[in-house]
Amino acid sequence: MSSKESCRSELRIAIRQLSDRCLYSATKWASEQLVGIEQDPSKFTPSYTRFQRGSSSIRRKFRTHEVTATPPAGVSYVVTPVMEEDALVDTDFYLLAKSYFDCREYKRAAHVLRDQIGRKSLFLRCYALYLAGEKRKEEEMIELEGPLGKSNAGNQELVSLEKELSTLRKNGTIDPFCLYLYGIILKQKGNENLARTVLVESVNSYPWNWNAWTELQSLCNSVDTLNSLNLSSHWMKEFFLAGVYQELRMHSESMLKYEYLLGTFSFSNYIQAQIAKVQYSLKEFDQVEAIFEELQRNDPYRVEDMDMYSNVLYSKECFSALSYLAHRVFLTDKYRPESCCIIGNYYSLKGQHEKAVVYFKRALKLNKNYLSAWTLMGHEFVEMKNTPAAVDAYRRAVDVDPCDYRAWYGLGQAYEMMGMPFYALHYFKKSVFLQPTDSRLWIAMAQCYETEQLRMLDDAIKCYKRASECNDREAIALHQLAKLHSELERPEEAAYYYKKDLERMENEEREGPNMVEALLYLASYYKTEKKFKEAEVYCTRLLDYTGPEKETAKNLLRVMRSSQSSFPSTDVDHFPP
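The letter at position 192 of the sequence shown is residue 192 when you use UniProt numbering, and the numbering goes up by one with no holes.
These are calculated hints, taken from the structure and not from any lab test.
Heads up, some of the hints might be wrong.
Here are the simulated DSBU-like cross-link-like pairs (lysine-lysine), alpha carbons at most 35 Å apart as the crow flies [what the hints assert, rightly or not]:
id : residue 1 : residue 2
1  : 107       : 137
2  : 283       : 500
3  : 316       : 137
4  : 98        : 334
Label-pair distances were calculated between CB atoms; the ranges are [what the hints assert, rightly or not]:
id : residue 1 : residue 2 : range
5  : 12        : 95        : 46 to 52 Å
6  : 383       : 331       : 43 to 49 Å
7  : 490       : 351       : 41 to 47 Å
We put the CB at the ideal spot given by N, CA and C, even for glycine.
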């Protein structure tokens with residue numbers, strides 16, 4: 001059997017089993033991957049499937065190789081186990097409980113199954129109790145602090161569930177789904193080491209529960225932790241590794257994994273979206289925009305991940321495209337956090353920051369842990385000069401994800417606005433540690449070192465050097481390096497950086513005060529060094545300007561002519577005024 005047929009059959013089994021246990025997000029993910037496998041032309045004609053229309057340019061770009069047999073890394077060394085029907089399950093009680101569960105009446109579902117001992121019934125009862133506790137926790141948070149406030153409310157069911165599941169695990173009677181739930185409980189209680197161990201046991205026993213993989217991914221905060229996991233060989237592991245590499249900012253490794261998976265899941269929108277996320281992290285906005293345009297054509301009612309597309313359109317100031325996207329998601333599902341963030345970005349680009357904040361708050365009412373909404377709302381408060389509110393929003397973003405460099409950077413900006421450079425520097429250091437390849441962060445830290453309170457110019461120089469090595473697209477670092485070396489009376493280094501900055505401006509065909517400053521400094525430097533020919537070149541270029549720099553250049557030429565009799569005669573008085 002080919003790898004694609006193997007994946008297809010395993011996916012169908014997994015979808016039935018996951019759906020039976022009410023793990024809807026895992027079922028959805030598995031279903032999307034099933035559709036993402038290229039269909040057999042002998043069974044599906046072009047009229048029955050959109051995938052026979054031909055590959056797009058995006059898919060051709062990333063589809064680096066075909067997989068027609070089991071890949072070396074193992075598309076399926078572990079076959080998806082078929083969970084046999086449990087003879088101990090009373091079907092009538094189970095179906096009644098599942099109906100209550102689907103209606104979000106979790107306590108009723110758990111009560112119906114209180115005396116049932118079958119595996120399916122046990123998991124559904126424990127899962128229903130867990131969700132009942134989560135529901136009550138959310139209600140208490142709103143009652144005590146409002147929808148966006150902090151609260152000490154907790155899930156009151158965790159203690160009893162932990163005790164019960166721990167006993168089952170010790171007795172060896174726990175199944176992979178209860179292991180998954182046990183791992184979630186341990187994670188919430190702060191026992192991360194045991195949670196990782198339990199979740200590894202869950203995915204090794206049943207690798208198709210994507211929810212378990214995502215929980216395990218959230219606990220892998222370093223490469224050493226990832227390498228310590230004893231995971232069985234299964235191609236689901238490749239999806240997990242790609243996601244972990246992305247979270248750990250190992251972008252090249254993540255991209256290689258996703259390109260590899262495209263060999264089997266040739267038409268997976270999920271993989272295309274993940275590739276777009278990697279490229280978004282690398283600031284390759286043109287490629288990200290192209291992928292999302294393709295996703296829009298293939299899946300026009302997609303809302304998931306489209307808030308990232310709106311961030312790209314916002315950065316590129318594509319007003320019409322962002323307006324169309326906001327209108328489309330509003331009509332599709334306006335009560336999704338992603339939709340609210342997209343509409344918020346639309347109003348922000350229009351300069352209507354108060355309206356943007358309204359929509360970001362709406363997103364947070366729908367999902368208080370929605371990271372993008374906290375960060376973007378902080379940006380809006382900065383624009384509105386409401387610094388305390390911005391600090392609060394960024395702090396909430398850091399609480400949700402301590403590895404989000406944008407929130408740390410926002411905190412640094414907010415404290416810099418308040419004239420507190422020591423605090424700002426602390427947060428800039430945090431952000432640059434998490435994202436060392438972003439030139440903006442190094443520049444922000446350098447500017448902090450330059451403030452009157454700090455005046456740590458050598459440290460500022462080090463930061464600007466790192467920024468220049470990180471593809472400084474705004475062309476700030478080279479100019480600031482030249483100015484700082486000039487201020488510290490290091491003429492040779494200043495001339496070097498002014499010359500590099502000048503070359504860059506010429507290549508990019510940019511004019512402006514920075515070019516005039518560079519020409520003036522280089523003309524004076526080479527005159528001081530008695531390199532009159534080089535000085536004359538820069539002075540001649542300054543004569544093309546109409547400001548005071550023209551007179552300065554003429555004076556320099558006169559001084560050089562009078563101080564060096566062998567210097568070629570140049571009648572500067574005959575240059576046009």
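Comparing the hints with the structure gives:
no.	hint	in the structure
1	107 / 137	holds (14 Å)
2	283 / 500	holds (24 Å)
3	316 / 137	violated (41 Å)
4	98 / 334	holds (29 Å)
5	12 / 95: 46 to 52 Å	violated (22 Å)
6	383 / 331: 43 to 49 Å	violated (28 Å)
7	490 / 351: 41 to 47 Å	holds (43 Å)
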